[in-house]
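Visitor: From first to last, the protein sequence lines stand for chains X and E.
Residue 479 in my numbering is what sits at position 108 of the first sequence, and the numbering runs on without skipping anything.
Residue 433 in my numbering is what sits at position 85 of the second sequence, and the numbering runs on without skipping anything.
To be clear, the hints were calculated from the coordinates, so they are not data collected in a lab.
Heads up, a few of these hints could be off.
[Unchecked claim] Quick list of in silico lysine-lysine cross-link-like pairs, DSSO-like style, CA-CA up to 30 Å: (1) E:Lys-386 to X:Lys-432; (2) E:Lys-388 to X:Lys-473; (3) X:Lys-485 to E:Lys-401.
[What the hints assert, rightly or not] These stretches of chain X come out as covered by chain E in the derived footprint (C-beta under 8 Å, 3 or more residues): (4) 414-420; (5) 457-471; (6) 474-483.
Quick reminder that beta carbons are idealized off the backbone N, C-alpha and C, glycines included.
Read off the chains here:
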Amino acid sequence: AQSVTQPDIHITVSEGASLELRCNYSYGATPYLFWYVQSPGQGLQLLLKYFSGDTLVQGIKGFEAEFKRSQSSFNLRKPSVHWSDAAEYFCAVAPLNTGGFKTIFGAGTRLFVKA
Amino acid sequence: DTEVTQTPKHLVMGMTNKKSLKCEQHMGHRAMYWYKQKAKKPPELMFVYSYEKLSINESVPSRFSPECPNSSLLNLHLHALQPEDSALYLCASSQGGRGANIQYFGAGTRLSVL
C-alpha cells in the first residue's frame, strides 16, 4: 500500500545538538518529496523539496535532507538545533501519477528542544 | 509576495448555520487546495481546483461545498456541519499545471461547531 511513515511521534534534543528526523515512503515510483514545518496553530511552511538530481538538498533555516532511493527514505537533518526549531515536522509526498497535485502527509514528528 | 490569506482566523458556528471560509492569493497561482487538519494529525486533502475547475474531491461530504470564483479566490461554504467537523481548515495554492507543485499554505481558519 502507498504510505508515508514518520516512525518517531516526538523527539527531544538539546539546544545546539544535531537532529535527524526520519521519513520513509512506499510508492511504485519515486514521488516528489517534501518536508514542511508547522508551529502551533499556524499553517505549514515548506523547508525543502526533492524532485530529481542531487540527492542532498538544502533548505531554509539550516535544514538539509538526503534522498536514498535504495532505502525509500528522505531524512531531515540539522547540525545544530535552536530553541525556535521546536515545532511539528511533516514529511510529505506527491505521487507523480496525480500530476503533483495530491500531497500526502506523514503523521508528523513533534520536536521538543531543551535548554 | 508568497502569502495566502485566509479569513476568518476563527469561526464558531451552530449545526444549523451557514458560513463560508475565504482564501485569497495574489501569486498568479492556478491551483488552489482545501485541507482539513484535526488536532495532532496531519492535514488531509479535501479539494483541489486547477485553473478554476474542481479536479480532485476526496469524497468530502456535501455539507462542504467549495467554490472558485476566479484564479485568486477560493471559498469553502459550510452548511449543517457536525461537531466532528471542528478542525483547522487550511488553504494552499501552487503554480498549477502538471508536474511538481510546491504548495504555499495560509495560516488556517480554526472552526468550532457547537
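Visitor: The structure should be examined with respect to each hint, and the outcome stated for every one.
Guide: Results of checking the hints against the structure:
1. Taking the CA atoms of E:Lys-386 and X:Lys-432, the gap is near 27 Å; set against the 30 Å cutoff, the hint holds.
2. Annotation: proposed proximity of E:Lys-388 to X:Lys-473 holds, straight-line Cα distance about 21 Å (limit 30 Å).
3. Our distance criterion of 30 Å between C-alpha atoms is broken by X:Lys-485 and E:Lys-401, whose separation comes to about 47 Å.
4. Under a criterion of three residues with beta carbons nearer than 8 Å to beta carbons of chain E, the stated coverage of the segment 414-420 of chain X is upheld, 5 such residues being counted.
5. Interface restraint, the segment 457-471 of chain X with chain E: holds (5 residues with C-beta to C-beta distance below 8 Å; minimum three).
6. Requiring three or more residues with a Cβ within less than 8 Å of a Cβ of chain E, the coverage given for the segment 474-483 of chain X holds, as 6 such residues are present.
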